[in-house]
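Taken in sequence, the protein lines are chains Y and R. If you read the first sequence in this note's numbering, its first letter stands for residue 1, the second for the next number, and so on. If you read the second sequence in this note's numbering, its first letter stands for residue 395, the second for the next number, and so on.
Derived by calculation from the structure, the hints in this document are not laboratory data. One thing to keep in mind: the hints can contain errors.
A partial selection of chain R residues facing chain Y, derived with a Cβ cut-off under 7 Å [what the hints assert, rightly or not]: (1) Phe439; (2) Ile505; (3) Thr613; (4) Thr694; (5) Gly711; (6) Arg736.
These numbers were taken from a predicted model, which means no experiment stands behind them. All C-beta atoms in this analysis are idealised placements derived from N, C-alpha and C, irrespective of residue type, glycine included.
So the chains spell out like this:
Protein chains: 2
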Amino acid sequence: MHHLPQGYAYGAAAAGFKKAGRPDLGLIVSRTPAVCAGVFTTNLFQAAPVLACRRSLEASPEVRAVVVNSGQANACTGEQGLEDCETVRNLVGDLAGVPASSVLPASTGVIGPRLRLELWRNALPELGRSLGQAGPEDVARAMMTTDTKPKLASRAVSFPGGEVRLLGMAKGAGMIGPNMATMLAFLVCDARVDAAWWQDLLRVEADRSFNNIIVDGDTSTNDTALALANGASGVEVQTRADREMLAQAVREVLLELSYLLVQDAEGGTKVARIRVSGAANDADAQLVARAVGTSPLVKTALFGQDANWGRVVCAAGRSGATFAPQDLTLHFGEVLVFAQGRPEPGDMDALLKPVMQAPEVPIVISLGQGPGQCEVLASDLTREYVSINADYRS
Amino acid sequence: MHHLPQGYAYGAAAAGFKKAGRPDLGLIVSRTPAVCAGVFTTNLFQAAPVLACRRSLEASPEVRAVVVNSGQANACTGEQGLEDCETVRNLVGDLAGVPASSVLPASTGVIGPRLRLELWRNALPELGRSLGQAGPEDVARAMMTTDTKPKLASRAVSFPGGEVRLLGMAKGAGMIGPNMATMLAFLVCDARVDAAWWQDLLRVEADRSFNNIIVDGDTSTNDTALALANGASGVEVQTRADREMLAQAVREVLLELSYLLVQDAEGGTKVARIRVSGAANDADAQLVARAVGTSPLVKTALFGQDANWGRVVCAAGRSGATFAPQDLTLHFGEVLVFAQGRPEPGDMDALLKPVMQAPEVPIVISLGQGPGQCEVLASDLTREYVSINADYRS
Chain Y
1 MHHLPQGYAY GAAAAGFKKA GRPDLGLIVS RTPAVCAGVF TTNLFQAAPV
51 LACRRSLEAS PEVRAVVVNS GQANACTGEQ GLEDCETVRN LVGDLAGVPA
101 SSVLPASTGV IGPRLRLELW RNALPELGRS LGQAGPEDVA RAMMTTDTKP
151 KLASRAVSFP GGEVRLLGMA KGAGMIGPNM ATMLAFLVCD ARVDAAWWQD
201 LLRVEADRSF NNIIVDGDTS TNDTALALAN GASGVEVQTR ADREMLAQAV
251 REVLLELSYL LVQDAEGGTK VARIRVSGAA NDADAQLVAR AVGTSPLVKT
301 ALFGQDANWG RVVCAAGRSG ATFAPQDLTL HFGEVLVFAQ GRPEPGDMDA
351 LLKPVMQAPE VPIVISLGQG PGQCEVLASD LTREYVSINA DYRS
Chain R
395 MHHLPQGYAY GAAAAGFKKA GRPDLGLIVS RTPAVCAGVF TTNLFQAAPV
445 LACRRSLEAS PEVRAVVVNS GQANACTGEQ GLEDCETVRN LVGDLAGVPA
495 SSVLPASTGV IGPRLRLELW RNALPELGRS LGQAGPEDVA RAMMTTDTKP
545 KLASRAVSFP GGEVRLLGMA KGAGMIGPNM ATMLAFLVCD ARVDAAWWQD
595 LLRVEADRSF NNIIVDGDTS TNDTALALAN GASGVEVQTR ADREMLAQAV
645 REVLLELSYL LVQDAEGGTK VARIRVSGAA NDADAQLVAR AVGTSPLVKT
695 ALFGQDANWG RVVCAAGRSG ATFAPQDLTL HFGEVLVFAQ GRPEPGDMDA
745 LLKPVMQAPE VPIVISLGQG PGQCEVLASD LTREYVSINA DYRS
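The following block holds chain Y by itself, in its conformation from the complex (with noise of 0.2 Å):
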């Protein structure tokens, strides 16, 4: 059973964005006005939700509702995206009773078409009904896309004046790349904190976990996450003490979700972590981490459960990154496989056979410049992969 903070509603309904009968559409109502940070794709390309969020935000830091759906991205839609965004704010704060301004938006589905208003319209009652009565799980259902299973991630933390909460919804899948939060992500608590801070703590700790996530390294139109704290524990989370303490609870949420996010991968069979160490600064370990865990002759030699170190190699070699060839050594998991420009003598595929069949693979590259480090999580490449993205609108 997953922690969940007070104050909080949430409904779910299926308005036929995606299939028909499959939930599409969630809303999460807080019932007093919560602090709310965001942080948001990097593409030029922003959905209109994402800069409806971003305006509202800039405005003010209080939220009472977001309100998600997939199945309709609402990105490249120009003026009248924005226009139709207003209106689904407007239908959803006066079906929860909340200011239309302080209710966030978030899409995701399929760049280019126009949201489809009637369905938004006609699926209003079934979730002014569901409201109170569904529960966080059915929210990340109806946010699903590609995704196999709804994504959950939660924590208790006990301080001196009381109990917090934090919850996390996540959904994936692919167009998941490293420039920004790479998916939809909410996160609520019910600790009352500072804007500022909690603004800061989401933009580091994203950057721990959902920036090292690698599906397709594609960074998508609409990525967006949002987390609120309503204080509904009553518990002020104030000092520097307490919020290390929260802090901690964010960061373990969210590495949690992301490793949710790479396992439930689009086709995805294997989660490779990939750990690089003793790079000349954390610039050039992320450069290596990601051209590893992008490169697609990697990822499909995961997929194949195939010890084809040479591309791990060829990968780092490649990835823009400084350091002398010789001074790179690679271990798959304990296994010592390449060191001083040359491979480790042994039988390295029998070696490495319960490695590669693990369904976690450590991939841990040392470059012998410095201190710099980095870790990366990434899926395989399937074939699956590509038939879920070769018809994925069909």
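Based on the hints, put chain R in the right spot on chain Y.
Showing chain R alone in chain Y's frame:
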């Protein structure tokens, strides 16, 4: 029939590096010393034959022979790999009756394993017997890994002093990214040329052709393009006008080979011709073209013949190029699909169906910022690509 430059002999053999009986060893010998230009991978891990070629060309541009094997890359093999490379050069030099130092080696295949020198030694009699009997197509066939067909292109150019012939052989298929020549390619020409001009020419023309094609974005450890000019035609290409004529022929041959490489990409069914114009500069145009050509989501949509143009816009938006989103226009073929930040009206799926079904799909992007432009050829991403690379070594 191809135009055959004078003064070259070709040989090929099945050494057993690949499956038994398939040719995997090729040899080109020039009757007289040829001026040789070379461009090589930018990967930090440079295979032993790449290092040998570079050192050799730094010492002297005069070359007598090129020997190429598939099935083994001799990459990431350390000092042993360099020694094995020297052994091969000596063996081939003896066979062809030329100095070992004038033999340039090239290898392609699995990274890591040591060259199987006993197979080399056993194959030399067959290679010797075929020398002068075989043709360039046999060499092109011996270079193949996952290529489905040998790739050749040729031109003849008439100069006041006589005719010059130019012939290129290339292999590609996978591990093809735009950061260098990205495959093996050998050009033979019977003009007499200045070594420095010839080297500059190859570098410039490789940038325009081999460096603008994308299969999977991986840059290999073994990329090598060599161009030999032996003067056997008796025609010296020296004046500015003559040089421009020969340069044009080189350009055409390299572009033709590039097209063949993308057409025969691993598992490929389509060639996307991605034209970007109106960028602030050429570098920005290249960022956009490469982001689109590398995007797994664009590539799977191409495979699925799905006019999912939103993925192209999305890839442009995350490419790192600077432009105003509302200035981007996108055509598929002649059909305008996106402009002023919103989709064009019309039934795009119906309009684009013939475009998506064609073997070549033109994706035309204008950024409306300045004079920068770039054209990239890219393959699609298919289940077959995954199958090939999941099981490459088995």
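For each hint, the structure was consulted:
Interface hint status for Phe439/R: upheld, as the beta-carbon distance to the closest one in chain Y is roughly 4 Å, under 7 Å. Given hint, Ile505/R at the interface with chain Y, holds; its Cβ is 3 Å from that chain's nearest Cβ, closer than 7 Å. Nearest Cβ of chain Y to the Cβ of Thr613/R: about 4 Å, under the 7 Å cut. The hint holds. The interface hint given for Thr694/R is met, as the beta carbon of that residue sits about 4 Å from the closest beta carbon of chain Y, less than 7 Å.
Taking 7 Å as the C-beta cut-off, the interface hint given for Gly711/R holds, the closest approach to chain Y being about 4 Å. The beta carbon of Arg736/R comes within 3 Å of a beta carbon in chain Y, closer than 7 Å, and the hint placing it at the interface holds.
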